[in-house]
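**Student:** These protein sequence lines are chains U and E, in that order.
In terms of the numbering used here, the first sequence opens at residue 367 and continues consecutively.
In terms of the numbering used here, the second sequence opens at residue 12 and continues consecutively.
For the record, the hints were derived by calculation from the structure and aren't laboratory data.
Even for Gly, the Cβ is constructed at its ideal location relative to N, Cα and C.
Keep in mind that the hints are not guaranteed to be accurate.
These stretches of chain E come out as covered by chain U in the derived footprint (C-beta under 8 Å, 3 or more residues) [to be verified]: (1) 56-63; (2) 79-89.
Sample of chain U residues with no beta-carbon within 12 Å of chain E, all distances over it, derived [to be verified]: (3) I522; (4) Q552; (5) R672; (6) D744; (7) R875.
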Amino acid sequence: MAPTVVVIGGGATGTGTARDLAMRGFDVTLLERGNLTHGTTGRTHGHLHSGGRYAVSDQESAVDCIEENRILRDIAPHCIEDTGGLFVQLEGDSDEYFREKLDGCAECGIPTDVISGEEARRQEPYLTEKTKRAIRVPDGALDPFRLAVANAADAIEHGARVETHAEVVDLLTDESDVTGVRFRRQGPNYLGEGSEGDVETIEADHVVSAAGAWAGQVAAMADVDVAMAISKGAMVVTNVRQIDTVINRCLPKDEGDTIIPHETTVLLGANDEPVDDPDDYPEEQWEVDMMIDVASEMVPIVENARMIRAYWGVRPLYDPNPGETEDTGDVTRNYFILDHEERDGVAGFTSVVGGKLTTYREMAESVTDHVCDRFGVDEPCRTHEEPLPGSRDQSILEEYMDRFDLRSPVAKRSVQRLGDRAPEVLGSEDPNPVVCECEAVTRAEVRDAIEDVGPDLNAVRLRTRASMGNCQGGFCTHRLGAEVYHDHEASTARDAVDELYQERWKGQRHTLWGRQLSQAMLNHMLHATTMNHDADPGLRGDTVDFAAFDAGRKTDAATDGGSTNGD
Amino acid sequence: MREQHRADEADRRRRTTDGGVAAETADPGQPDPVEVFPEGEFDLRPGADDCYKCTTCETSCPVAEVDESFPGPKFQGPEQWRLKRKDEIEIDPSITECSNCLRCDTSCPSGVGLAQMHNTARGEYVDNQLPTLSIKYVRNRILANYRTSARLASVFPRTANFVMNFGPVRWAMEKVLHVPSERDFPEFATQTFREWWAERGGAQVSNPDKRVAYFHGCYANYNTTEVAKAMVRVYEHFGYEILVPPQKCSGTPMFANGMLDDARRHAVTNVENLVEAIEEGADVIASCTSCSMALRNEYPELFDIDGIETVAENTFDALEYLRINEDLQGAIQDATVSGEFAEAFAYHAPCHARNQGLDRQAIELFRDLDGVQIEDVGDSCSGISGTYGWKEEKYETSMEIGAEMFEHMEAAEGTTGMTECPTCGMQMEHGTGYDVHHPLEVLEAALVE
Numbered sequence: 367m368a369p370t371v372v373v374i375g376g377g378a379t380g381t382g383t384a385r386d387l388a389m390r391g392f393d394v395t396l397l398e399r400g401n402l403t404h405g406t407t408g409r410t411h412g413h414l415h416s417g418g419r420y421a422v423s424d425q426e427s428a429v430d431c432i433e434e435n436r437i438l439r440d441i442a443p444h445c446i447e448d449t450g451g452l453f454v455q456l457e458g459d460s461d462e463y464f465r466e467k468l469d470g471c472a473e474c475g476i477p478t479d480v481i482s483g484e485e486a487r488r489q490e491p492y493l494t495e496k497t498k499r500a501i502r503v504p505d506g507a508l509d510p511f512r513l514a515v516a517n518a519a520d521a522i523e524h525g526a527r528v529e530t531h532a533e534v535v536d537l538l539t540d541e542s543d544v545t546g547v548r549f550r551r552q553g554p555n556y557l558g559e560g561s562e563g564d565v566e567t568i569e570a571d572h573v574v575s576a577a578g579a580w581a582g583q584v585a586a587m588a589d590v591d592v593a594m595a596i597s598k599g600a601m602v603v604t605n606v607r608q609i610d611t612v613i614n615r616c617l618p619k620d621e622g623d624t625i626i627p628h629e630t631t632v633l634l635g636a637n638d639e640p641v642d643d644p645d646d647y648p649e650e651q652w653e654v655d656m657m658i659d660v661a662s663e664m665v666p667i668v669e670n671a672r673m674i675r676a677y678w679g680v681r682p683l684y685d686p687n688p689g690e691t692e693d694t695g696d697v698t699r700n701y702f703i704l705d706h707e708e709r710d711g712v713a714g715f716t717s718v719v720g721g722k723l724t725t726y727r728e729m730a731e732s733v734t735d736h737v738c739d740r741f742g743v744d745e746p747c748r749t750h751e752e753p754l755p756g757s758r759d760q761s762i763l764e765e766y767m768d769r770f771d772l773r774s775p776v777a778k779r780s781v782q783r784l785g786d787r788a789p790e791v792l793g794s795e796d797p798n799p800v801v802c803e804c805e806a807v808t809r810a811e812v813r814d815a816i817e818d819v820g821p822d823l824n825a826v827r828l829r830t831r832a833s834m835g836n837c838q839g840g841f842c843t844h845r846l847g848a849e850v851y852h853d854h855e856a857s858t859a860r861d862a863v864d865e866l867y868q869e870r871w872k873g874q875r876h877t878l879w880g881r882q883l884s885q886a887m888l889n890h891m892l893h894a895t896t897m898n899h900d901a902d903p904g905l906r907g908d909t910v911d912f913a914a915f916d917a918g919r920k921t922d923a924a925t926d927g928g929s930t931n932g933d
Numbered sequence: 012m013r014e015q016h017r018a019d020e021a022d023r024r025r026r027t028t029d030g031g032v033a034a035e036t037a038d039p040g041q042p043d044p045v046e047v048f049p050e051g052e053f054d055l056r057p058g059a060d061d062c063y064k065c066t067t068c069e070t071s072c073p074v075a076e077v078d079e080s081f082p083g084p085k086f087q088g089p090e091q092w093r094l095k096r097k098d099e100i101e102i103d104p105s106i107t108e109c110s111n112c113l114r115c116d117t118s119c120p121s122g123v124g125l126a127q128m129h130n131t132a133r134g135e136y137v138d139n140q141l142p143t144l145s146i147k148y149v150r151n152r153i154l155a156n157y158r159t160s161a162r163l164a165s166v167f168p169r170t171a172n173f174v175m176n177f178g179p180v181r182w183a184m185e186k187v188l189h190v191p192s193e194r195d196f197p198e199f200a201t202q203t204f205r206e207w208w209a210e211r212g213g214a215q216v217s218n219p220d221k222r223v224a225y226f227h228g229c230y231a232n233y234n235t236t237e238v239a240k241a242m243v244r245v246y247e248h249f250g251y252e253i254l255v256p257p258q259k260c261s262g263t264p265m266f267a268n269g270m271l272d273d274a275r276r277h278a279v280t281n282v283e284n285l286v287e288a289i290e291e292g293a294d295v296i297a298s299c300t301s302c303s304m305a306l307r308n309e310y311p312e313l314f315d316i317d318g319i320e321t322v323a324e325n326t327f328d329a330l331e332y333l334r335i336n337e338d339l340q341g342a343i344q345d346a347t348v349s350g351e352f353a354e355a356f357a358y359h360a361p362c363h364a365r366n367q368g369l370d371r372q373a374i375e376l377f378r379d380l381d382g383v384q385i386e387d388v389g390d391s392c393s394g395i396s397g398t399y400g401w402k403e404e405k406y407e408t409s410m411e412i413g414a415e416m417f418e419h420m421e422a423a424e425g426t427t428g429m430t431e432c433p434t435c436g437m438q439m440e441h442g443t444g445y446d447v448h449h450p451l452e453v454l455e456a457a458l459v460e
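Throw the hints in and build the complete structure from the sequences for me.
**Tutor:** Following this line, the structure appears as structure tokens:
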């Protein structure tokens, strides 16, 4: 019988690890306390690193990045937009550091190309006139949601079980060794057995913690000390793209100086501030302002661009030499496999910490190698050559580009999101109206996501991008709710709508000025006033006294709703 | 904090937006190391940023009202722009279903430049996706370049009038060019306005203090010369010196057909000559509300030509200009109309007049005029939208949109139509059989004769 392994954490690393373990024959269960990508993965910058960023200060990470960058382009093309990247040197920025960056890239095997400021501005017209020159690197934009979902889907295809809204509350131990996990269902389980509040246990031969910033908390359940050096970063989302290339500032001290085009938007970020608790840290306005100010130095029109929201993420950094680094910015972005048997005398338990979204696959491979070692499994890793679902047949993208009877930009966006799953999802003959106009998401795609994740509209959002555009759900939350209602109770649909609407509001609060303020006000009028969502008797559980209403007009009323008085 | 200069900034950017068509000559005095907007590209970010999806534009769209498969102005403008990735996604062909009435542009409470966005998208579609050998392209090019055909026809106007409405010719045009045989081609005047102007020896009034430069456009020159002549007599009655500068098509039909290169070529001539007239102290007036709309709104939104802002700022509709600068209301109150124009009029305000805020001017003016009755037939679109209704595949949509106007015209007291727009006039006549006149003709009857 195959050894059983529980993987804790449904981010890129966790889903990647579950996939790798399942592909190598383990009996895998993945537990995630929220949606997939609920933790750090869903709150990253979505930067497919070339490694250029770390080429001077952290070369080990840089080498990992460029290697994984190449692999991801092969196995996950539908999660990547190949934007290319620039390190820009502005007037006054150090020539010496520019040179160091170039040398560093060369040492790490990162291909570069130096271009003049004029050429850089020809490529990106909104770059500041102060651009002196730039280094071209193979950066890109990586969709973390699509990536994690594809990994989870493939893990399931290889026999793994994936449980979301399942929070690990304890590690089962025998003496000091870990023998399993206890988890609590944080939400109703529409797709499987069990319901909200249920506490269940899973016996396992091995437990892998891929809990990222939460790895310290998980380890503590087995009385193991993993001192994480976590830090928060703010990211701000613009409404439209000001640039189409990843722009980095070529400076040694870098905070908030990366601008990444992502789908319809651009992400500005991120700062680097140490925090203690990954679940409780302040989200401050000065951070948002700083992101805009720093980005505006490179791309001045960002200053006055419409911002639709801001969000914060927590880096799962691990400092192997605590006390020696002064600043979280200097903590290595490298990853570590912590073998708790060897390190702490606790068998049956391994943590994988540190690392980057770009290197998630390598982290998964390393921790899987480690588990294979434990169990004497001699199965080679295949995740670097086996494309992820959606990325298996890219020719389909071209072939299906103009089909499905959709408007051109809607068809293209949908197919880009779905990859080779497009025909399966969009191929039906049924009417397929656009549900989310901002991001061009159709009913078929929404229904497909609901089939996959149940009536959880935030999970639907992550899969489809519905509600992630400029109206932030103002015009589609209720439409999405109507799709939930199709297969679920009305009260379930109402809750789902409420949850999504709240989540969208959360991020908008930080960018409420100018146009987004108008948008928020309009959304409020639509939802509170027109739809009565802030005092809906149906939501308050009151019974409506229908008898209090009159019976309406008598039957000889004009059918067109006009007056019957002879005119 | 950021919002104070946000609005100003958007405004500024909109104003300095370069046209979708590259300037033919660069200004050697201007250092321009980087071509920020290469040929065919606009910066439409402000438009996409300003939209908060309220859908007011959709409810004002006459095409969406009758054709539920049409995705509407919000999609054609800000949504499509935002979803397009640089150099990647093509324009949805539904952009050609837009009739270019531009009601959306005026209706937007957030100031989104829908006209600019639609014109750009249409230009891109025609440039990149409509094969230049296709019948539609050829037909649209002919329709858009009405001036060229009209000029030829005016050499032998009587022959042209006979041939253009001759059954077998129309049958062939429908089959080959997809021009609907239901429509009657407009009649060509036996003498163009410019010929008439030359024959009468140009301006009869000389007045350095009151000068106007007349942009007659194509239709008043080749077809309804009586409108142009009425304008001349009315303005001279008020003591204006009239200049008639050399000019070409305003570009309206070219914008509507995505032929931005053609439009730009004509605009260069127009701007050059109108700027010269403005320098001589004239304001520009037009009797066609689509022409004035093009000079005022579309020109600065689409092209970067020296002096184009000056032209936009100094252009007026002919009636509007008199209402601003003369006591027209007083003159009307003292006047009486008898004879041909002593009629009850069913007045339709063209969309392009509406977009300039001129939709009530004729009603407000003529309701005080003795001998004349005037009734507004409502705020619906006539449906023809210039060349739109001249396409076989759009004919039915055009007539469906027009149905409300026809119905209201029938219900109105009068059996004579009135409008400022030549093609609205065609549609009104086509749908009801009424004769249709221009307000200037009535004004002439009231004040001059």
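**Student:** Are the hints correct? Go through all of them and say.
**Tutor:** Taking the hints in turn, this is what the structure says about them:
no.	hint	result
1	56-63	holds (count 6)
2	79-89	holds (count 3)
3	I522	holds (31 Å)
4	Q552	holds (33 Å)
5	R672	violated (4 Å)
6	D744	holds (45 Å)
7	R875	holds (15 Å)
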